[in-house]
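Asks: Each chain, written out:
There are 2 protein chains.
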Amino acid sequence: MRAEVISIGTEILLGEITDTNAAFIAGHLPHYGIDLLWVSQVGDNPGRMREVVERAWERSDLTFVTGGLGPTEDDITRETIAGVLGEQLTVDAEQEAILRERMERGGRRMPERNIKQAMVIPSARPLANPRGTAPGWWVERDGKIIVMMPGPPAEMTRMWEHEVSPELEKRADSILVSRTLKTTGLGESTVDEMLSPLLSSTNPSIGIYHRQDGVHARIAAKAPTFEEAHFLIEPVEAEARKILGVYVWGVDDESLAASVGQMLRGQNLTLGLMESATAGLIASNMTDVDGSSDYFRGSLVTYATDVKHLNGVPAEVTTIHGVISRETAEAMASAARERLKADIGLGITGIAGGEEVEGQPPGTMHIALTDGNEVRYAYSRYYQGRDAAKKRAVLSALTLLRDFLMERAGAELDGAK
Amino acid sequence: MRAEVISIGTEILLGEITDTNAAFIAGHLPHYGIDLLWVSQVGDNPGRMREVVERAWERSDLTFVTGGLGPTEDDITRETIAGVLGEQLTVDAEQEAILRERMERGGRRMPERNIKQAMVIPSARPLANPRGTAPGWWVERDGKIIVMMPGPPAEMTRMWEHEVSPELEKRADSILVSRTLKTTGLGESTVDEMLSPLLSSTNPSIGIYHRQDGVHARIAAKAPTFEEAHFLIEPVEAEARKILGVYVWGVDDESLAASVGQMLRGQNLTLGLMESATAGLIASNMTDVDGSSDYFRGSLVTYATDVKHLNGVPAEVTTIHGVISRETAEAMASAARERLKADIGLGITGIAGGEEVEGQPPGTMHIALTDGNEVRYAYSRYYQGRDAAKKRAVLSALTLLRDFLMERAGAELDGAK
Chain U
0 MRAEVISIGT EILLGEITDT NAAFIAGHLP HYGIDLLWVS QVGDNPGRMR
50 EVVERAWERS DLTFVTGGLG PTEDDITRET IAGVLGEQLT VDAEQEAILR
100 ERMERGGRRM PERNIKQAMV IPSARPLANP RGTAPGWWVE RDGKIIVMMP
150 GPPAEMTRMW EHEVSPELEK RADSILVSRT LKTTGLGEST VDEMLSPLLS
200 STNPSIGIYH RQDGVHARIA AKAPTFEEAH FLIEPVEAEA RKILGVYVWG
250 VDDESLAASV GQMLRGQNLT LGLMESATAG LIASNMTDVD GSSDYFRGSL
300 VTYATDVKHL NGVPAEVTTI HGVISRETAE AMASAARERL KADIGLGITG
350 IAGGEEVEGQ PPGTMHIALT DGNEVRYAYS RYYQGRDAAK KRAVLSALTL
400 LRDFLMERAG AELDGAK
Chain A
0 MRAEVISIGT EILLGEITDT NAAFIAGHLP HYGIDLLWVS QVGDNPGRMR
50 EVVERAWERS DLTFVTGGLG PTEDDITRET IAGVLGEQLT VDAEQEAILR
100 ERMERGGRRM PERNIKQAMV IPSARPLANP RGTAPGWWVE RDGKIIVMMP
150 GPPAEMTRMW EHEVSPELEK RADSILVSRT LKTTGLGEST VDEMLSPLLS
200 STNPSIGIYH RQDGVHARIA AKAPTFEEAH FLIEPVEAEA RKILGVYVWG
250 VDDESLAASV GQMLRGQNLT LGLMESATAG LIASNMTDVD GSSDYFRGSL
300 VTYATDVKHL NGVPAEVTTI HGVISRETAE AMASAARERL KADIGLGITG
350 IAGGEEVEGQ PPGTMHIALT DGNEVRYAYS RYYQGRDAAK KRAVLSALTL
400 LRDFLMERAG AELDGAK
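Taken in sequence, the protein lines are chains U and A.
Heads up: the first sequence at position 359 corresponds to 358 in numbering that gives the first Met the number 0, and the numbers run straight through without jumps.
Heads up: the second sequence at position 164 corresponds to 163 in numbering that gives the first Met the number 0, and the numbers run straight through without jumps.
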């Protein structure tokens, strides 16, 4: 199946919004064995929009169109699809009722022009949109499909999961399932070499990718059903895990924060942070994981130097060694552990901005952790702007923590023998 | 000038990376009076890539191509452009020297296949890329232009600013300058009504947009030079500011955190936070602003309830009123102020996750601030997933703070009269 994605909106062409819908759809199509060949963005211009939709209708089996479903005159996606297919728009009574009911529930009278959101063409079946007013369309004719969805990502993804995905699953004659093993501490070529006995396999196939959070090994299998694909992946995954051992820190969409969280929970440990350069970003990441309150105590964001002192970092440490130093990071870890009554304290101090501080370059990070007995330390340096520097620092800190928890689990196993 | 953007990379079509380059370029073209008409993404497939580049060469005056400049066989952007233009690729001696020098400085011998990164065609002039190994191309022939840039955003944006932007400026026969006034506290239709005396103007034109951080009024002027465009905008901006008054909190790319930071600095005040639901995200946003250490003290991320108590929130407050309550938010604000020795303390407690807590729905946020004399409070509720809920909570908190600082500045002015 040849698929195409079209995102509609002049705001995209003006750079006011980034089109994340196309990436979302692109990321979900491989499961159904659907090859995405073209993606394009076009503005609210009738001629160009029609040209793009027409070309898609000619060359693609399956076209996803998002955006342009609002109630204003600029929103011409429905009209354009109807035009390309040569079909008539009419008001769908059921959709009209839903629309009026929803507007009235919100205490508003529906402006008459909004009625266009309830319109369909004969080949279209409406798709429910409980997060907005504009229903989508599932258009099917001449063996081809157009799926029309609203532009706001929250509405689109909800419609995808509840309306579109089940239809795609029914129609797929082959399903692609992939499983990504995420590693840390190994280079791309090392992972490649380690997994070389498996690399000749074609179904499942294995690909090695260098990513910001480490090297990923992706095992992908094609089969008629999800079950059969999983069945193909299983032995190869087991083999790859045996080879890569403790270097694997997570799978698929799992974040490093989630993986670390799971280890903390498993080892019945709590974590407390003291953050300076990352200024709360590690805490924000840790708590993006459901159930993190089981093991995450909190973070002392001690941005000003004297706030570090107020929170238990001895003034002589910052005076003698400097604020951006290993010693300060270690004192922060220790203070975080004590002040937050956590089992493990982690401290991070560094430079997220673009200027040198205390003779150290932008992106410098000193990271330390302690469980009250031993102290671990990591130094990292990465600067491609503040945002990237902070994100990389979060990964470095969580990697230090992960390695520590990994070893600790190993030691516990040894002790239990 | 009709412009087109083409982003190249199978990883985009697989949804593994989101194409932010297209949005970046799109956002910068309006300055030069360049209309972006088409954006598309295509994989590393020779046939389809050629088709897309060919169409662009035919229909567009100016085409921006990003990605596919790596040293591997998959990277065929150079070959494709050369093919469409019917020109020969040859090694540019200067680029080769730069390439070898850079690899050797990194302690590596250059693999011979990497030489392709130093190749050009007769119509192309190389564009420097100090952040990576692949130079870009400025291709000019038959009155048309193709600008080829590397895919990694840090390399692309650097090349844009230093190499591409000056060339576009030289060629632009009309420059579009816009100025966005960001408001808060007013609805879209209210802003529309207030600015109605100005809305009939066509150059500059005014557009009103509803955005997540409030309603924006964008004044845009077209003129032969940047100076003349600014000259057209000035009186209209002054008039709009007079009408909108204190509702304007910032301009253009300014973030609410930057705007609040400026007010804190101006009033010589410091800020300390206690965050629960946002878990450090307000702190992270505040410190994304250069120089924030002048006024930002820190944040106590008190995720666990007893960590709130450890940091000065009286246990009876959370017991009697619940953790997710106005009273707890107020106690947090007060504790943050004292513990962090800040002039203003701000506390936030709520529900970022998808489950009800203490009978309150997902997205509930209680926000309070105090300067030691008076206490301000705001309630907000917004839930479209955890990430969106947290971001909205940050905006709500900063809006409360901004309104307070605004009034305080007004009161000071009154007092000085």
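Just to be clear, a hint being listed does not mean it is correct.
A pair counts as met if it fits within one copy or between any two copies, since identical chains are not told apart.
Derived pair list, reagent style EDC-like, types lysine to aspartate or glutamate, alpha-carbon separation capped at 16 Å [stated by the list, open to error]:
{"no.": "1", "residue 1": "390", "residue 2": "166"}
{"no.": "2", "residue 1": "340", "residue 2": "305"}
{"no.": "3", "residue 1": "221", "residue 2": "166"}
{"no.": "4", "residue 1": "390", "residue 2": "111"}
{"no.": "5", "residue 1": "115", "residue 2": "95"}
{"no.": "6", "residue 1": "221", "residue 2": "191"}
{"no.": "7", "residue 1": "390", "residue 2": "212"}
{"no.": "8", "residue 1": "340", "residue 2": "10"}
{"no.": "9", "residue 1": "390", "residue 2": "287"}
{"no.": "10", "residue 1": "115", "residue 2": "74"}
{"no.": "11", "residue 1": "221", "residue 2": "287"}
{"no.": "12", "residue 1": "143", "residue 2": "238"}
{"no.": "13", "residue 1": "115", "residue 2": "342"}
{"no.": "14", "residue 1": "221", "residue 2": "233"}
{"no.": "15", "residue 1": "169", "residue 2": "50"}
{"no.": "16", "residue 1": "115", "residue 2": "15"}
{"no.": "17", "residue 1": "390", "residue 2": "50"}
{"no.": "18", "residue 1": "390", "residue 2": "226"}
{"no.": "19", "residue 1": "241", "residue 2": "191"}
Since the hints were derived computationally from the structure, they do not count as laboratory data.
Asks: Please list, smallest to largest, the hint numbers that this structure does not respect.
Replies: 1, 3, 4, 6, 8, 11, 12, 13, 15, 16, 17, 18
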